[in-house]
Amino acid sequence: MVLTAPPVKARGLVKRYKDLLAVDQIDLNVNAGEVYGFLGPNGAGKTTTLRMLLGLIMPTAGRVELFGRDPIREGARALDGVAGFVEAPRFYPYLSGRKNLQMMAALDGGGRSERVDEVLALVDLTDAAEKRAGAYSHGMGQRLGIAAALLRGPELLILDEPATGLDPAGIRDMRVLIRRLAREGITVLLSSHQLAEVQEICDRVAIVRSGKVVYEGPLADLRGASGQSYRLHTSDDLHAADIARAATGIHRLVVAGPELRFQASEADAGALSLALGHAGVAIYTMAPTLASLEDLFFELTEGTATGNRQPAVDVTSTPKATQ
Amino acid sequence: MSHAATAAPPAQGTRRRRHPSTLTVLRWELRKLISQKRTYLGLALGAIPPLIFVVFWNFHEGPDRHGGIFATEITQSGLATPVLMLLFESAFLLPLIAALVSGDIVATEDSNGTLKTILTRSVDRGQVFAAKTFAAMVYAATAVFGAAAIATIAGVASWGFHHVVTLSDTVVSAPEGLLLIVAANVFVLIPLLTVASIGVLLSTVTRNSAAAVVGAIGVVIVLYIVTAIPGLESIHPYLLTEQLQAWQGLMRTPTDWAPITHSAWVCALYALPSLFAAYLVFVRRDVAGD
Ligand SMILES: Nc1ncnc2c1ncn2[C@@H]1O[C@H](COP(=O)(O)OP(=O)(O)OP(=O)(O)O)[C@@H](O)[C@H]1O
Ligand SMILES: [Mg+2]
Numbered sequence: 001m002v003l004t005a006p007p008v009k010a011r012g013l014v015k016r017y018k019d020l021l022a023v024d025q026i027d028l029n030v031n032a033g034e035v036y037g038f039l040g041p042n043g044a045g046k047t048t049t050l051r052m053l054l055g056l057i058m059p060t061a062g063r064v065e066l067f068g069r070d071p072i073r074e075g076a077r078a079l080d081g082v083a084g085f086v087e088a089p090r091f092y093p094y095l096s097g098r099k100n101l102q103m104m105a106a107l108d109g110g111g112r113s114e115r116v117d118e119v120l121a122l123v124d125l126t127d128a129a130e131k132r133a134g135a136y137s138h139g140m141g142q143r144l145g146i147a148a149a150l151l152r153g154p155e156l157l158i159l160d161e162p163a164t165g166l167d168p169a170g171i172r173d174m175r176v177l178i179r180r181l182a183r184e185g186i187t188v189l190l191s192s193h194q195l196a197e198v199q200e201i202c203d204r205v206a207i208v209r210s211g212k213v214v215y216e217g218p219l220a221d222l223r224g225a226s227g228q229s230y231r232l233h234t235s236d237d238l239h240a241a242d243i244a245r246a247a248t249g250i251h252r253l254v255v256a257g258p259e260l261r262f263q264a265s266e267a268d269a270g271a272l273s274l275a276l277g278h279a280g281v282a283i284y285t286m287a288p289t290l291a292s293l294e295d296l297f298f299e300l301t302e303g304t305a306t307g308n309r310q311p312a313v314d315v316t317s318t319p320k321a322t323q
Numbered sequence: 001m002s003h004a005a006t007a008a009p010p011a012q013g014t015r016r017r018r019h020p021s022t023l024t025v026l027r028w029e030l031r032k033l034i035s036q037k038r039t040y041l042g043l044a045l046g047a048i049p050p051l052i053f054v055v056f057w058n059f060h061e062g063p064d065r066h067g068g069i070f071a072t073e074i075t076q077s078g079l080a081t082p083v084l085m086l087l088f089e090s091a092f093l094l095p096l097i098a099a100l101v102s103g104d105i106v107a108t109e110d111s112n113g114t115l116k117t118i119l120t121r122s123v124d125r126g127q128v129f130a131a132k133t134f135a136a137m138v139y140a141a142t143a144v145f146g147a148a149a150i151a152t153i154a155g156v157a158s159w160g161f162h163h164v165v166t167l168s169d170t171v172v173s174a175p176e177g178l179l180l181i182v183a184a185n186v187f188v189l190i191p192l193l194t195v196a197s198i199g200v201l202l203s204t205v206t207r208n209s210a211a212a213v214v215g216a217i218g219v220v221i222v223l224y225i226v227t228a229i230p231g232l233e234s235i236h237p238y239l240l241t242e243q244l245q246a247w248q249g250l251m252r253t254p255t256d257w258a259p260i261t262h263s264a265w266v267c268a269l270y271a272l273p274s275l276f277a278a279y280l281v282f283v284r285r286d287v288a289g290d
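Line by line, the protein sequences are chains A and B.
For the record, in the first sequence the residue sitting at position 8 is 8 according to my numbering, with numbers rising by one throughout.
For the record, in the second sequence the residue sitting at position 111 is 111 according to my numbering, with numbers rising by one throughout.
If you're looking for bench data, these hints aren't it; they were derived computationally from the structure.
Hints are supplied without guarantee of correctness; some may be wrong.
[To be verified] Derived pair list, reagent style SDA-like, types lysine to any residue, alpha-carbon separation capped at 20 Å:
| # | chain 1 | residue 1 | chain 2 | residue 2 |
| --- | --- | --- | --- | --- |
| 1 | B | Lys37 | A | Gly280 |
| 2 | A | Lys131 | B | Lys37 |
| 3 | B | Lys37 | A | Glu34 |
| 4 | A | Lys18 | B | Thr206 |
| 5 | B | Lys37 | B | Val205 |
| 6 | A | Lys131 | B | Ile34 |
| 7 | A | Lys18 | B | Ala288 |
| 8 | A | Lys9 | A | Pro93 |
| 9 | A | Lys131 | B | Ser35 |
| 10 | A | Lys9 | A | Glu74 |
| 11 | A | Lys9 | A | Glu34 |
| 12 | A | Lys18 | B | Arg285 |
| 13 | B | Lys37 | A | Glu130 |
| 14 | A | Lys131 | B | Asn112 |
| 15 | A | Lys212 | A | Arg11 |
| 16 | A | Lys18 | B | Val281 |
| 17 | B | Lys37 | A | Pro93 |
| 18 | A | Lys9 | A | Asp27 |
| 19 | A | Lys131 | B | Thr206 |
| 20 | A | Lys9 | A | Thr60 |
| 21 | B | Lys37 | A | Ala135 |
| 22 | A | Lys18 | B | Leu33 |
| 23 | A | Lys131 | B | Arg285 |
| 24 | A | Lys212 | A | Val14 |
| 25 | A | Lys18 | B | Asp286 |
| 26 | B | Lys37 | A | Gly134 |
| 27 | A | Lys212 | A | Tyr94 |
| 28 | A | Lys18 | B | Val205 |
| 29 | A | Lys131 | B | Leu33 |
[Said to hold, decoys possible] Footprint (simulated), chain B over chain A, 3 or more residues, beta carbon under 8 Å:
| # | region |
| --- | --- |
| 30 | 56 to 64 |
| 31 | 104 to 118 |
| 32 | 232 to 244 |
None of these values were measured; they are calculated from a predicted model.
For each residue, glycine too, the CB sits at the ideal point set by N, CA and C.
Start from the sequences, fold in the hints, and give me the full structure.
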C-alpha cells in the first residue's frame, strides 16, 4: 500500500514535435523533501519536460504522476500542492503585481489572499506591488513568479531556470530562499543550464542532453567518478609540457599558470613521472585532482568524451548513467 | 496500482485543496476585461453612433431633413432613435464589437503566456473556457444594451417619450415601444452571441488575436457577399447575416415570431458546433506559447 506517492514520478516521457524528439524517454523520480536539479544545455528538453509535468502539454508517450495523480487525466486536481512556472513567469501586464497575485489566490480556490502581502514582502516587491506588472523589469517579473508560486503554499515547487535575469544579489537571494523552502520540507524541482546554480543546493540531479537523461544521481557521485585528473608542478614546466605531449595516455594537457594539468590513468601518470625524472625535470607536485564539475557537465552534455572516458558512475538509485 | 494512489491515502487528504467555482473564474475574466483599453474601444464603437446621430439631427433639423422611412418618426418620438440605430448597427458594427473581444479572449492570453499562468493554478481548462466564453458574451450583451440605452436616452431627451410607429405602420404606446426595444435588443443578441462563438473558436484555434478578430468579422463579410450573389437566394434564410435582422419581426404588429424562432435555431447550428469544437481544442491543446 502506497502511503505517500512521490512528488514527481515520470515514466517514459516522450514529446515529439514533427521530426524533433524534444524529449526522448525521460524517467524522473523526485522524492519528498529533496531539491532536485534538472540540468541541461539550451534546447535539451528541460522546459518541455516540465510542461508535461504541469499538464500544459500532452506527452506523445509516457506518463506523469505528481503525488500519484496524473495532470493530463485529472486536470487541476493533480496540481493540488504543486506550484511553479515554466520559462519566464507571465502576468497580466495591465494589472498591478498585487492584483495579479489576488487573481492567482482566487484561482487557487481563495482563502490565501491574506498571504499576498506576505509573499510580496518575501520577494521584495512590496514597494512595486501597485505598479502594473507590464512595467516590471525582467527580474521583478521573475520574483513575482516566485511569489505567485509560493502563494499556493506548495509541497512541490517546479521552477524553470528561476535565476534567469536576476542580478547577483537576486541569484543569491533565490538560492537562500530555495534552501529555506527545502528546510521547511518543500520538494523543489529546479531546472537550470548553469551547473553552479544547482551545485550548491541540489541533492540530486538529472542531466539531460537532446531529450535524454545522460546522468541521474547525486552530483558528488558524478564528481567522484572522474578521478583521473592531475596537477603537475616541476622545475621546468615548459620542458615538462613537451615531454607530456610526447608521452602516451596523457590527455587534455593544459598549461595553467605555474602548473600543468592533464588527464591520464594512474599508470600513464606514473610513466610520465619516470620520463620527467629521466629528462632531469624535478617533480615538485604531481597530484590527482577532481575534475571540475563544469568539465564533466560539458562532457556529458556536449559529448566531448570520445568514448574512452565514460564516467563510470556508481548510480545506486537508478542505473541511468550512459555515455 | 493507480487506484491505490487515487484512493486518497491520509497524506493526500491534507493535500486536497479547495478549487474555485467557475463563477470566480468568470468574475476575474470580467475584471480583466474591465482593465483593458480594448474593452472600452468596443463599447465606444457602439455608443458613439447614436450620440453623433442625435447631435447631428438636432443641429440639422430643418428644411433639408433627410428622407427615408424614419425621417418624420424620428422627431415624433425619442423611441424611434434606438430602433433606427439598431437597424444601422446590427448589420455590421455590433458583429464587429462582438468579434473584437471574443476573438481576443483566448488568443491574447496565449501570446502573453498568461494562459499557462492560470492553468497552473487550481482551475480546470473547462472552467477557464466556460468563463472566457461567457465573458465574451457578457461583453457583447453589454455593448448592445449600452448602445441601446444611450440611443434611447439621447432620443427621448431630444424628442420625448411618445408613442411610436412600428415597421408595419401601426402605432404602439410609449411603454410598449420601450418594451419592444428591450426585446429587440435581446433578440439581436442571438446572432451576435453566435458571432462571438465563432470568435472564440478562431481565438482558440489560431492563437492569434488579430487573425481571430479579422476572421470572425471576415465570416460576416463573406456571408454578406454570398447574399449578394444571384441565384443563391434559397440559402439566404440559413445565413448568419440574415439572422442579424430577425429582431425586426418584433417591430411589426402583430408580432412576427417566425423570423425570430427561425433565427434561434439557425444561430444554434452555427454557435453550438463552434463552441463545442473550441472547447475540445482548448481542453486538449498544448499550452506552450510564450
Ligand atoms: N512548441 C514547440 N514546437 C516545436 N519545437 C519545440 C517546441 N517547444 C520546444 N521545441 C523544441 O524542443 C527542444 C527542447 O526545447 P526546450 O524548450 O524544452 O529546451 P530547454 O532545455 O528548456 O532549453 P533552454 O535551456 O534554452 O530553456 C528544442 O529543440 C526546441 O526547439
Ligand atoms: Mg527552457
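Quick rundown of the hints versus the structure:
Among the hinted pairs, Lys37/B with Gly280/A is inconsistent with the structure: their alpha-carbon atoms are about 82 Å apart, more than 20 Å. For the proposed pair Lys131/A and Lys37/B, the alpha carbon gap of about 17 Å is at most 20 Å, so the pair holds. For the given pair, Lys37/B sits about 45 Å from Glu34/A by alpha-carbon distance, which is inconsistent with the 20 Å threshold. A distance of roughly 19 Å separates the Cα atoms of Lys18/A and Thr206/B; the hinted pair therefore holds under the 20 Å criterion.
A threshold of 20 Å between alpha carbons decides the hint, and for Lys37/B with Val205/B the separation of about 24 Å lies outside it, so the pair is violated. In summary, the hint linking Lys131/A to Ile34/B is supported, as the alpha carbons are separated by about 17 Å, within the 20 Å threshold. Only pairs whose Cα atoms come within 20 Å are accepted, and Lys18/A paired with Ala288/B is accepted, the gap being roughly 15 Å. Distance check on the hinted pair: Lys9/A and Pro93/A sit about 35 Å apart at the alpha-carbon level, beyond 20 Å; violated.
Between the alpha carbons of Lys131/A and Ser35/B the distance comes to roughly 14 Å, so the proposed pair stays at or under 20 Å and holds. Between Lys9/A and Glu74/A the CA atoms are separated by roughly 15 Å; this keeps the pair inside 20 Å, and the hint holds. Distance check on the hinted pair: Lys9/A and Glu34/A sit about 14 Å apart at the alpha-carbon level, within 20 Å; holds. Under the criterion of a C-alpha separation no larger than 20 Å, the hint pairing Lys18/A with Arg285/B is consistent with the structure, at around 15 Å.
With a C-alpha separation of about 19 Å, the suggested pairing of Lys37/B with Glu130/A holds against the 20 Å cut-off. The hinted pair formed by Lys131/A and Asn112/B meets the criterion: a straight-line CA distance of about 18 Å does not exceed 20 Å. Among the hinted pairs, Lys212/A with Arg11/A is consistent with the structure: their alpha-carbon atoms are about 12 Å apart, no more than 20 Å. With a CA separation close to 19 Å, the supplied pair Lys18/A and Val281/B stays within the 20 Å bound.
Proposed proximity of Lys37/B and Pro93/A is supported: the alpha carbons are some 12 Å apart, at most 20 Å. Among the hinted pairs, Lys9/A with Asp27/A is consistent with the structure: their alpha-carbon atoms are about 7 Å apart, no more than 20 Å. A C-alpha spacing of about 32 Å is found between Lys131/A and Thr206/B, which places the hinted pair above 20 Å, so the restraint is violated. The hinted pair formed by Lys9/A and Thr60/A meets the criterion: a straight-line CA distance of about 17 Å does not exceed 20 Å.
Distance restraint check for Lys37/B and Ala135/A: the Cα-Cα separation of roughly 16 Å lies within the 20 Å cut-off, and the hinted pair is therefore satisfied. Taking the CA atoms of Lys18/A and Leu33/B, the gap is about 36 Å. The hint is violated against a cut of 20 Å. For the proposed pair Lys131/A and Arg285/B, the alpha carbon gap of about 33 Å is over 20 Å, so the pair is violated. Restraint check: the Cα-Cα separation between Lys212/A and Val14/A comes to about 10 Å, which is no more than 20 Å; the hinted pair holds.
Between Lys18/A and Asp286/B the alpha-carbon distance is near 14 Å, which keeps this suggested pair within the 20 Å criterion. Taking the CA atoms of Lys37/B and Gly134/A, the gap is near 14 Å; set against the 20 Å cutoff, the hint holds. Annotation: proposed proximity of Lys212/A to Tyr94/A is violated, straight-line Cα distance about 40 Å (limit 20 Å). With a C-alpha separation of about 19 Å, the suggested pairing of Lys18/A with Val205/B holds against the 20 Å cut-off.
With a C-alpha separation of about 18 Å, the suggested pair Lys131/A and Leu33/B falls inside the 20 Å cut-off, and the hint holds. Here's how the region 56 to 64 of chain A fares: 3 of its residues keep a CB closer than 8 Å to some CB of chain B, so the rule of at least three is met and the hint holds. Requiring three or more residues with a Cβ within less than 8 Å of a Cβ of chain B, the coverage given for the region 104 to 118 of chain A holds, as 7 such residues are present. Here the region 232 to 244 of chain A counts 0 residues with a CB under 8 Å from a CB of chain B, which misses the bar of 3, and the coverage is violated.
Consistency note: the structure conflicts with the earlier hints numbered 1, 3, 5, 8, 19, 22, 23, 27 and 32.
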